[in-house]
Amino acid sequence: MKNYKTMVLSNQEISPGYHRMRILAPGFDEISRPGQFVMFRVQMSLPPLLRRPFGIFRTGFLPPDCDGLPPKEYLELLYKVVGRGTGIMSDLHEGDRVEVLGPLGKGFDTGNPGEEKILVGGGIGLVPLFSLALELTKTSKVRLLMGGRTRDDILAVTEFERLGVETYVSTDDGSLGEEGMVTQVLQRKLDKYPHAAVYACGPLPMLRAVHDICAPRGTSLQVSLEALMACGVGACLGCVVKGRGHSEENPQLLCTCKEGPVFRAEQLDWSNLEKEPDYCEGCAS
Amino acid sequence: MKNYKTMVLSNQEISPGYHRMRILAPGFDEISRPGQFVMFRVQMSLPPLLRRPFGIFRTGFLPPDCDGLPPKEYLELLYKVVGRGTGIMSDLHEGDRVEVLGPLGKGFDTGNPGEEKILVGGGIGLVPLFSLALELTKTSKVRLLMGGRTRDDILAVTEFERLGVETYVSTDDGSLGEEGMVTQVLQRKLDKYPHAAVYACGPLPMLRAVHDICAPRGTSLQVSLEALMACGVGACLGCVVKGRGHSEENPQLLCTCKEGPVFRAEQLDWSNLEKEPDYCEGCAS
Amino acid sequence: MMNCREEKNKRSAPNLAVDIAGIHLRNPVMPASGTFGYGEEYATYLDLEGIGAIITKGLSLKPKAGNPTPRIAETISGMLNAIGLQNVGVDAFIKYKLPFLREINTPVIVNFFGNTLEEYGEVAERLSDIPEVAGVELNISCPNVKKGGIVFGTDPRAASEVVALVRKNISKPLIVKLTPNVTDITVTARAVEDAGADAISCINTLTGMAVDVRTRRPRLANTTGGLSGPAIRPIAVRMVHQVAQAVKIPVIGVGGIMRAMDALEFLIVGATAVQVGTANFVDPGAMAGIVAGIEEFCIEEGISDVRELIGSLEV
Amino acid sequence: MMNCREEKNKRSAPNLAVDIAGIHLRNPVMPASGTFGYGEEYATYLDLEGIGAIITKGLSLKPKAGNPTPRIAETISGMLNAIGLQNVGVDAFIKYKLPFLREINTPVIVNFFGNTLEEYGEVAERLSDIPEVAGVELNISCPNVKKGGIVFGTDPRAASEVVALVRKNISKPLIVKLTPNVTDITVTARAVEDAGADAISCINTLTGMAVDVRTRRPRLANTTGGLSGPAIRPIAVRMVHQVAQAVKIPVIGVGGIMRAMDALEFLIVGATAVQVGTANFVDPGAMAGIVAGIEEFCIEEGISDVRELIGSLEV
Ligand SMILES: Cc1cc2nc3c(=O)[nH]c(=O)nc-3n(C[C@H](O)[C@H](O)[C@H](O)COP(=O)(O)OP(=O)(O)OC[C@H]3O[C@@H](n4cnc5c(N)ncnc54)[C@H](O)[C@@H]3O)c2cc1C
Ligand SMILES: Cc1cc2nc3c(=O)[nH]c(=O)nc-3n(C[C@H](O)[C@H](O)[C@H](O)COP(=O)(O)OP(=O)(O)OC[C@H]3O[C@@H](n4cnc5c(N)ncnc54)[C@H](O)[C@@H]3O)c2cc1C
Ligand SMILES: Cc1cc2nc3c(=O)[nH]c(=O)nc-3n(C[C@H](O)[C@H](O)[C@H](O)COP(=O)(O)O)c2cc1C
Ligand SMILES: Cc1cc2nc3c(=O)[nH]c(=O)nc-3n(C[C@H](O)[C@H](O)[C@H](O)COP(=O)(O)O)c2cc1C
Ligand code: FES
Ligand code: FES
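Residue numbers (the numbering used here), protein chains in the order written: chain A, 1 to 285; chain B, 1001 to 1285; chain C, 2001 to 2315; chain D, 3001 to 3315.
To be clear, the hints were calculated from the coordinates, so they are not data collected in a lab. Since the model is a prediction, treat every value here as computed from it, not as a measurement. Misleading hints may appear alongside valid ones.
Claimed, not checked - With a straight-line cut-off of 30 Å between C-alpha atoms, the simulated DSBU-like cross-links for lysine-lysine are:
# : chain 1 : residue 1 : chain 2 : residue 2
1 : B       : Lys1258   : C       : Lys2095
2 : C       : Lys2097   : C       : Lys2062
3 : A       : Lys106    : D       : Lys3095
4 : C       : Lys2062   : B       : Lys1258
Input sequences plus hints: build the corresponding full structure.
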């Protein structure tokens, strides 16, 4: 965990409204685990005041320059432009100075080698699943069920496939893959692979549906949650979710940033997970 | 007077800490007079919250593009980086969207044709004198006495000379021209050309010294003042200076933005012109 | 049943008009006192007939010189001002400034203040017979020179007294503008309502200060000044929300409004109209943009009358 | 006469240490309560032995769950929070959090509050014998559940009462943290000084609110929250200036400090030390940068002791 004062290596739109940013981050790979995240900010910039949390899509190395210097290690983010902060991010260029604090939080438990693994991603929720897949495919058979509103929301599928991940796409409007919800596909897959472990990241309603499928089957489920965050390190208590034993006397509040963002489904009080209201674009300014 | 929502055509450093910016401004030349100013801001940008005032160095036309479109009319600013706002300005590039409100205020009275004219500029104070010289040289003999701390603070001298302006440079450290104050030169010139009209722009101590030379001789003097401004149009009353008749009962406050920034020396209460405190760099944030 | 054209028309032209204490406003957007001069200053940049009302710089009985300079200082997302209520005085206003406003088909609301109770009363009296004045806005954020400089608006009793006196002297719509520098703004709000105010505007500036660390001097000659601009908006929204629940008379929201979205926050928490201050300096066309933005929002959300938004907060 | 080396040494190492109510701080920079957890959270990002003191999240007698989410909302140059004082409770703090802090050679100041007068007293008592606690900071910005939710800190009598009780129960240095949501902060300041406070920190957050205009819901589940960050700095500087003139005990300045320049404003208007809150979220190394910046400023300005700056404002 460190505050990298560093710079952008590249930043490009990969699908309408989705961008991929590579950030110079020497040594980052060694200390980060799949499912962790970073708190990002543009150096010297106000607004926005607060950092923004982003999952780690992957880390990697740029091929060495002709200058013979060692290859540059980068951290790759994949983000959706939804408001002011991500809007400003999308305007950044190579060389712009940024800060990333991380890696933060607890990552995924990669489970047992050989075990079947099913990843369920909704929209931008695929981000932590990709770094997870990089790890899991070393020892397990991995399937990805990827859902989104339209084909534009389905990202990085070929990159998963290149890892040998079997990929099933569904969209609400049928513009890519199967028409319908990703959870329909999950039902079928679990029927077929009842002992698979499930890892999910996406909007809360999707996670809840996944939980409702897995719980009665006793399927192992880990979910990665989102929350509004100010500090990212467990200091502000802005990002809490209610844990399973939650009650008035014993609040059992878990910090999404520090005890999460990945939780085992059984850690959480699913009936009391509050939905962050959907803010309109630009209001967060 | 208009709020031009427009863009930067070019922006470059011309001397250490001094920049020249050309801004697309169709029709600006026709409505502006020497000595007027604009209120500048970067479109969509907070900070800084408020606009910043800048004199008009000149207006002009870019040669038509090969695309055969009509030549582009520009407004040219020349500015010194002193704080946050000018710092942000210095980072702008061609195509960046900016707003200029103007032309604002009262300009110089160009006086009688044929009359000898002496311009006295201190540092960045040369800006309005250049657009004035463009006008005056049409009908009068014009001399410029230009002062600055070091050679880096002496700007655009060749451009004045190209207009046929006789130029006398002095610097505090003698690194260019005569060593000493611009006012020494003024004394000598006024001895030689006792009927010359004087126009001055620069730091308040310099203006005061010029006034102290001109007043006893009965020399006609116009000065361009600076002030902290919020609105630039006479609405906020932030920029007032005390007028000659100033007293408790009859305050005679003049808006630098609306009744100035150019004043005839006899309009002002010289014993009561307050000096804006010298803020340190970055504090105005 | 409506045909398509009618439906489209309805959708594309929501009603924006609101009433404040009997003053009919074509839309709920007006300038905040002291940021719009006497109206004239912005006439070249903004259609004065496109806004709901014009509010003047605060007037006093006699012309007032205000404070020494520097009078303004920029802060983070805000500005401090200590203009010191410089103004031409009520008589000069009527003689020299009002004739211009007479030609504009927009209600004129005159903001005023006094250094003593009596002065408040006298200014109100002078304005009471002027037909071009649609209403008055009473600024009670001024120190009462007789009471050792205690600000009228921070003492509910003094606030009540001054409102009652002004109420006696003028029958025009009376808006009272509250200061936010108090422990509980609902106390002042109720006091001025009971004393006869027809509407409340809220908030004036928050007292602030900034220092130049190199010279170790305050950045304003007056040492302290009033903080305005987007920095204070959350405080203003909270206070308008509180006041709108505490009183029955209409509330005008003021404080840090830069865009239509900001104005909408105030309407939703209970303001009937809004005032735009510092934003005029940043963009002289700001109010026109805010009016257009409110209209657009209504269309997008299928709201046919802006009044549906007022106090529509869901808690 | 000094030789060159001596002169250089003197120039390059100004004294930064200050004393607050008998607590010796190596420099005048410490975190603001609630923005630094229990210290541990930032240990990997910041040398905890490089700051003047550590101030904990506010503790209550029993663990407290706090408010529902969303608890935070960003505003222009500020943030609203309605954490609702979630904390582990004083006993769990002593048992689980203090052992980590014991190993750090930096004074620990414990921030605490109560829902009733009695609770304030009890927490103070439990802390009174803990040797690792260098001092306590009393947060009186909490609603008094017995008195219908009126905030202790907005009523000088209640403030005085709670300070007097705590004073009786603890002999450690007692800092009282004032709320800015009052008409005249010098009244509270004098009240708590008279009741036995050893120092004052000033200010806590200003109550604010923000609305999501599409859903028409408050952006905080709690409707209102506390505004912090650079937006409020001018208000904080003004209040510290007022309080420092009104009382004889030392004042700790808090509110919107992001950089050394900001901290210096507070020292110059009369603060003996400063607290850094929201800035920790933006940059976990912020306090280290501020300490370095203050030192650099002293060197540049030829100031050999930071205490020369305190209250050095020229008006
Ligand atoms: C652990 C974690 C990992 C994340 N990983 C990614 C990722 O890899 N790629 C990606 O595109 N996004 C990710 N997000 C969401 C991302 O943080 C938000 O989209 C971003 O902060 C929005 O910033 P903004 O200024 O553009 O939006 P704002 O203007 O602040 O708000 C616009 C919208 O974004 C939502 N939003 C704001 N902050 C958050 C937040 N912290 N979490 C969720 N929604 C938020 C608001 O509710 C609102 O709907 C992650 C969030 C968390 C908590
Ligand atoms: C009518 C007029 C014409 C001007 N023309 C020019 C010009 O042609 N070229 C040029 O470089 N500058 C000009 N100035 C000064 C210019 O406006 C300031 O330098 C600029 O606003 C500083 O902005 P900043 O954000 O960089 O500085 P800040 O961070 O705001 O402050 C840094 C320093 O600039 C000074 N300053 C800030 N605002 C003003 C102001 N309005 N007037 C004077 N000093 C100020 C401060 O006192 C401080 O010393 C003019 C000023 C006026 C009033
Ligand atoms: C330069 C300036 C002058 C002001 N003068 C007055 C005034 O004369 N009377 C008054 O009631 N309010 C005055 N105000 C307060 C504004 O009307 C308004 O209440 C405040 O600025 C908050 O709104 P804003 O954030 O939109 O600027 C003034 C504000 C500024 C910035
Ligand atoms: C998330 C958060 C939690 C806070 N919790 C407490 C608290 O428990 N006790 C307290 O006295 N102040 C608390 N505060 C107030 C801060 O200590 C500080 O007074 C305020 O934030 C202003 O400083 P800043 O602008 O530097 O953040 C909290 C502030 C924030 C932002
Ligand atoms: S974001 Fe601050 S505790 Fe999680
Ligand atoms: S700058 Fe506003 S009146 Fe001159």
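Against the structure, the hints:
1. B:Lys1258 with C:Lys2095: Given pair Lys1258 of chain B, Lys2095 of chain C holds - Cα atoms ~21 Å apart, limit 30 Å.
2. C:Lys2097 with C:Lys2062: It holds: about 15 Å lies between the C-alpha atoms, which stays within 30 Å.
3. A:Lys106 with D:Lys3095: Between Lys106 of chain A and Lys3095 of chain D the Cα gap is close to 25 Å, so the pair holds against 30 Å.
4. C:Lys2062 with B:Lys1258: Holds. Lys2062 of chain C to Lys1258 of chain B sits at ~23 Å (cutoff 30 Å).
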